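Participant: Sequences listed follow chains W and V, in order.
Note that our numbering numbers the first sequence so that position 178 is 178, with each residue one more than the last.
Note that our numbering numbers the second sequence so that position 34 is 34, with each residue one more than the last.
Hints listed in this document are in silico derivations from the structure and should not be mistaken for laboratory results.
Treat each hint with caution, since some may be false.
If you anchor each label on the Cβ, the simulated ranges turn out as follows [said to hold, decoys possible]:
#1 W:Glu56 x V:Trp171: 20 to 30 Å
#2 V:Met90 x W:Thr126: 20 to 30 Å
#3 V:Ala120 x W:Trp176: 54 to 64 Å
#4 W:Gln142 x V:Gln167: 37 to 47 Å
#5 W:Thr181 x V:Trp174: 27 to 37 Å
#6 V:Gln167 x W:Gly115: 16 to 26 Å
#7 V:Phe245 x W:Glu409: 34 to 44 Å
#8 W:Gln43 x V:Gly259: 49 to 59 Å
#9 W:Leu357 x V:Met90: 12 to 22 Å
Partial list, computed: chain W residues near chain V (C-beta under 7 Å) [stated by the list, open to error]:
#10 Gly289
#11 Gly290
#12 Ala396
Source: prediction; values computed, not measured.
We put the beta carbon where it would ideally sit given N, CA and C, even for glycine.
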Amino acid sequence: MMRNDYRLRRRSLLTGASAAAVAAAAAACGDDGPAGTADDPVQISFEWWGDDTRAELTQQAVDLFQEKNEGIKVQTNFADFPTFWEGLTGRMASRDLPDVFQMDYSRLRQFGSNGMLLPLEGVVDTEDFREGFLETAKLDGQLVAVPIAGNTLGLIYRADWFEAHGAATPVAGYTWDDYKTAISTLTPALGEGKWGGGDWCAQYHFMELWLRQQGGSFYTEDGSALNFEPAQLAEWWTTSADLYQAGMVPPVETTIEWTEGGLVQDVLASEIGWDNFMAGYAPTVEANGGTLALAAPPTVDPSNLGLYLKPSMQLVISATTEHAEASAKLIDFLLGDPEAIAILGTNRGVPATNTGLENVELDANTQAVLDYEASVSEYLTSPPPAPPAATGAIEAKFMEIYQQVQYGEMTAQEAADLFFTEAETLLAAEQ
Amino acid sequence: MSASPSTTAPPAAEGAEAPTVRGGRGAAKRRTPISRRGERLVGYTFMTPWIIGSLVFTVGPMLWSLYLSFTDYHLILGGDFIGFANYTAMFEDPMFARAVKVTLLYVLLAVPLKLVASLAVAILLTQSRRGIGFYRAAFYMPSLIAMSVGIAIVWKALFAGGGPQDQFMSWFGWEGGGFIGNPSVSILMLVLLSVWTFGAPMVIFMAGLLQVPGELHEAAQVDGAGKWHRFVHITIPMLSPVIFFNVLMETVHAFQLFGPAFIIGGTAGGPAWSTLFYTVRIYALAFVDLRMGYASAWAWMLVLAVGVVTLIMFRAAKNLVYYAGEDNK
Numbered sequence: 001m002m003r004n005d006y007r008l009r010r011r012s013l014l015t016g017a018s019a020a021a022v023a024a025a026a027a028a029c030g031d032d033g034p035a036g037t038a039d040d041p042v043q044i045s046f047e048w049w050g051d052d053t054r055a056e057l058t059q060q061a062v063d064l065f066q067e068k069n070e071g072i073k074v075q076t077n078f079a080d081f082p083t084f085w086e087g088l089t090g091r092m093a094s095r096d097l098p099d100v101f102q103m104d105y106s107r108l109r110q111f112g113s114n115g116m117l118l119p120l121e122g123v124v125d126t127e128d129f130r131e132g133f134l135e136t137a138k139l140d141g142q143l144v145a146v147p148i149a150g151n152t153l154g155l156i157y158r159a160d161w162f163e164a165h166g167a168a169t170p171v172a173g174y175t176w177d178d179y180k181t182a183i184s185t186l187t188p189a190l191g192e193g194k195w196g197g198g199d200w201c202a203q204y205h206f207m208e209l210w211l212r213q214q215g216g217s218f219y220t221e222d223g224s225a226l227n228f229e230p231a232q233l234a235e236w237w238t239t240s241a242d243l244y245q246a247g248m249v250p251p252v253e254t255t256i257e258w259t260e261g262g263l264v265q266d267v268l269a270s271e272i273g274w275d276n277f278m279a280g281y282a283p284t285v286e287a288n289g290g291t292l293a294l295a296a297p298p299t300v301d302p303s304n305l306g307l308y309l310k311p312s313m314q315l316v317i318s319a320t321t322e323h324a325e326a327s328a329k330l331i332d333f334l335l336g337d338p339e340a341i342a343i344l345g346t347n348r349g350v351p352a353t354n355t356g357l358e359n360v361e362l363d364a365n366t367q368a369v370l371d372y373e374a375s376v377s378e379y380l381t382s383p384p385p386a387p388p389a390a391t392g393a394i395e396a397k398f399m400e401i402y403q404q405v406q407y408g409e410m411t412a413q414e415a416a417d418l419f420f421t422e423a424e425t426l427l428a429a430e431q
Numbered sequence: 001m002s003a004s005p006s007t008t009a010p011p012a013a014e015g016a017e018a019p020t021v022r023g024g025r026g027a028a029k030r031r032t033p034i035s036r037r038g039e040r041l042v043g044y045t046f047m048t049p050w051i052i053g054s055l056v057f058t059v060g061p062m063l064w065s066l067y068l069s070f071t072d073y074h075l076i077l078g079g080d081f082i083g084f085a086n087y088t089a090m091f092e093d094p095m096f097a098r099a100v101k102v103t104l105l106y107v108l109l110a111v112p113l114k115l116v117a118s119l120a121v122a123i124l125l126t127q128s129r130r131g132i133g134f135y136r137a138a139f140y141m142p143s144l145i146a147m148s149v150g151i152a153i154v155w156k157a158l159f160a161g162g163g164p165q166d167q168f169m170s171w172f173g174w175e176g177g178g179f180i181g182n183p184s185v186s187i188l189m190l191v192l193l194s195v196w197t198f199g200a201p202m203v204i205f206m207a208g209l210l211q212v213p214g215e216l217h218e219a220a221q222v223d224g225a226g227k228w229h230r231f232v233h234i235t236i237p238m239l240s241p242v243i244f245f246n247v248l249m250e251t252v253h254a255f256q257l258f259g260p261a262f263i264i265g266g267t268a269g270g271p272a273w274s275t276l277f278y279t280v281r282i283y284a285l286a287f288v289d290l291r292m293g294y295a296s297a298w299a300w301m302l303v304l305a306v307g308v309v310t311l312i313m314f315r316a317a318k319n320l321v322y323y324a325g326e327d328n329k
């Protein structure tokens with residue numbers, strides 16, 4: 001009996017093993033000869049961060065691209081922002097990046113300074129970009145990315161609630177104190193479970209704005225160090241403290257569970273954020289019976305709003321790609337083909353190319369974003385140099401440590417000191 | 001077989017039967033070394049994939065990470081040898097103390113609770129009842145799925161503000177909201193998840209319980225010992241090797257908890273670092289901060305710590321564990 005059992009098991013093991021071997025051999029028999037025809041297409045990969053809506057639109061545009069370029073197959077993939085970067089940093093170490101992928105200004109140096117990005121001068125079409133847009137696509141003078149769209153910070157607010165509850169309409173030059181007054185008026189008026197605004201302290205971008213309004217910057221010019229003192233950070237982290245204590249902004253216990261923004265959930269009356277998000281939020285807010293509007297963010301100094309035009313997203317080509325030409329074709333198509341532009345619309349922001357701007361269909365909300373950018377154009381100053389490679393980690397640390405302040409586990413000063421220790425270690429690790 | 005003619009007596013019709021058998025046995029004994037060597041070769045040949053696998057995917061990377069722990073290796077930029085600097089830096093790192101605290105708290109809560117739960121259920125499931133097989137399978141089920149991403153996501157929903165746990169506890173005057181947003185209790189989510197997966201120690205306890213000799217219980221019963229006394233004075237001592245095994249395995253596992261903690265708390269161990277497990281911090285150091293050398297040093301410190309804890313347990317076990325049939329001195 002025992003013997004029979006043993007034999008049976010051995011036989012099935014052998015069968016299994018040989019089946020696995022056959023499968024592996026079959027998988028190894030792929031064809032990857034040089035190609036590029038309809039019968040034998042080249043395959044490139046294209047990845048981005050975003051939600052399902054963006055994925056659907058992008059896939060449509062990519063399908064159209066494949067239809068028009070029969071020799072090129074595009075393998076697409078997407079994830080949400082943190083997951084996307086977690087995956088890509090690991091793959092960067094193993095030199096396994098997608099051929100074409102979406103880039104963020106804050107990560108440009110991390111990837112570009114390590115020779116991971118293909119220099120794009122003469123590779124992609126750079127003729128058609130709107131003025132000023134290519135500046136932020138360069139790393140130490142070399143073009144390594146192309147912008148998809150641009151954005152700048154603004155205050156997105158519920159015009160209907162502001163009006164109904166007598167809060168002053170935000171205008172350019174509106175101070176942080178004015179904004180706090182508005183929130184303090186709105187929160188009690190809106191009632192339980194709704195707030196006049198969100199806590200702005202957790203975002204390093206907003207602190208950068210606040211520093212720029214005082215003539216400062218977040219990083220030093222060469223990007224090797226922080227350009228402010230712990231005391232300034234402690235001060236920044238207390239700018240919303242009185243509102244937070246009084247329950248005028250939503251508590252962290254609530255926001256930690258949010259999977260979408262407070263404006264979309266119909267619980268926030270205002271939020272500082274990137275202006276192009278307004279167009280994304282507006283349809284949902286309208287469905288909830290509200291109206292969104294866009295104004296300049298609150299400022300320290302009414303004559304200096306600290307704003308600059310930032311590429312909201314960029315496209316880059318991996319330096320290790322075997323199909324630079326096909327990859328460049330895809331980028332040119334996404335940014336310059338009228339049909340593709342019509343499909344993609346303003347999902348990633350107002351297009352960075354002139355062709356894009358002419359061919360995109362602007363609804364009222366997107367028009368509002370454009371109008372807003374035109375209205376603050378006199379305040380736009382030159383962008384800071386591409387932030388250091390450790391910015392991604394520093395941004396995460398900034399939020400993480402501020403959370404300690406919100407939970408009352410640390411004072412703003414203790415948290416600021418800890419942030420400096422952590423950020424300096426991270427910056428030193430990059431040297 | 002080849003050796004048998006030389007040893008067997010000349011064939012004598014029927015009578016030769018017995019000597020042949022005896023001779024055959026003797027031959028088998030002498031043949032053993034050769035055949036064993038052959039068998040060993042076959043054995044190793046069949047093990048090759050696993051040997052290669054563990055060399056390439058476990059031993060190799062471990063040695064590499066040991067080397068990295070003495071460098072300031074950056075995932076992208078590379079790095080240089082820096083001696084013990086990573087190991088000394090650890091003790092000045094405020095996050096180290098936090099991660100150790102969270103992990104120890106978890107081990108101290110999860111291991112005893114899980115073992116008590118699994119022993120209790122094992123006792124129930126060793127009774128002879130109709131359909132006991134079904135119950136055994138049913139109670140084992142959670143262990144098969146609990147460490148999956150799906151369950152971690154379900155867990156998140158269960159403990160969200162306004163979710164089932166919040167609602168249920170509110171009936172009894174709880175005001176802390178969902179465990180997910182509350183740093184003072186968030187670790188309990190993971191403890192509960194661990195307790196719920198008592199399947200593996202439960203099966204081992206059941207096997208141990210069935211081994212406890214019935215006559216000891218009978219003898220004690222004759223002497224008038226009640227159920228509780230028999231449990232404390234017979235079951236527990238007889239079960240002590242199994243208990244020891246389970247304590248050891250569960251402790252080692254608990255130190256290494258990663259998946260659910262990572263999904264529920266993220267790389268930042270939210271809320272407010274209350275689920276910042278040691279392993280989660282290693283992940284964040286390696287893949288968010290890209291400081292591979294420092295992360296490797298953390299990992300080796302964990303290996304060291306678990307080793308020390310295991311050693312202490314073995315020492316303690318000498319006096320606490322009773323091995324039946326051995327001279328326990």
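Participant: Each hint: holds or not?
Facilitator: Tested hints:
{"no.": "1", "hint": "W:Glu56 x V:Trp171: 20 to 30 Å", "result": "violated, 43 Å"}
{"no.": "2", "hint": "V:Met90 x W:Thr126: 20 to 30 Å", "result": "violated, 48 Å"}
{"no.": "3", "hint": "V:Ala120 x W:Trp176: 54 to 64 Å", "result": "holds, 59 Å"}
{"no.": "4", "hint": "W:Gln142 x V:Gln167: 37 to 47 Å", "result": "violated, 58 Å"}
{"no.": "5", "hint": "W:Thr181 x V:Trp174: 27 to 37 Å", "result": "holds, 36 Å"}
{"no.": "6", "hint": "V:Gln167 x W:Gly115: 16 to 26 Å", "result": "violated, 55 Å"}
{"no.": "7", "hint": "V:Phe245 x W:Glu409: 34 to 44 Å", "result": "holds, 39 Å"}
{"no.": "8", "hint": "W:Gln43 x V:Gly259: 49 to 59 Å", "result": "violated, 33 Å"}
{"no.": "9", "hint": "W:Leu357 x V:Met90: 12 to 22 Å", "result": "violated, 53 Å"}
{"no.": "10", "hint": "Gly289", "result": "violated, 23 Å"}
{"no.": "11", "hint": "Gly290", "result": "violated, 23 Å"}
{"no.": "12", "hint": "Ala396", "result": "holds, 6 Å"}
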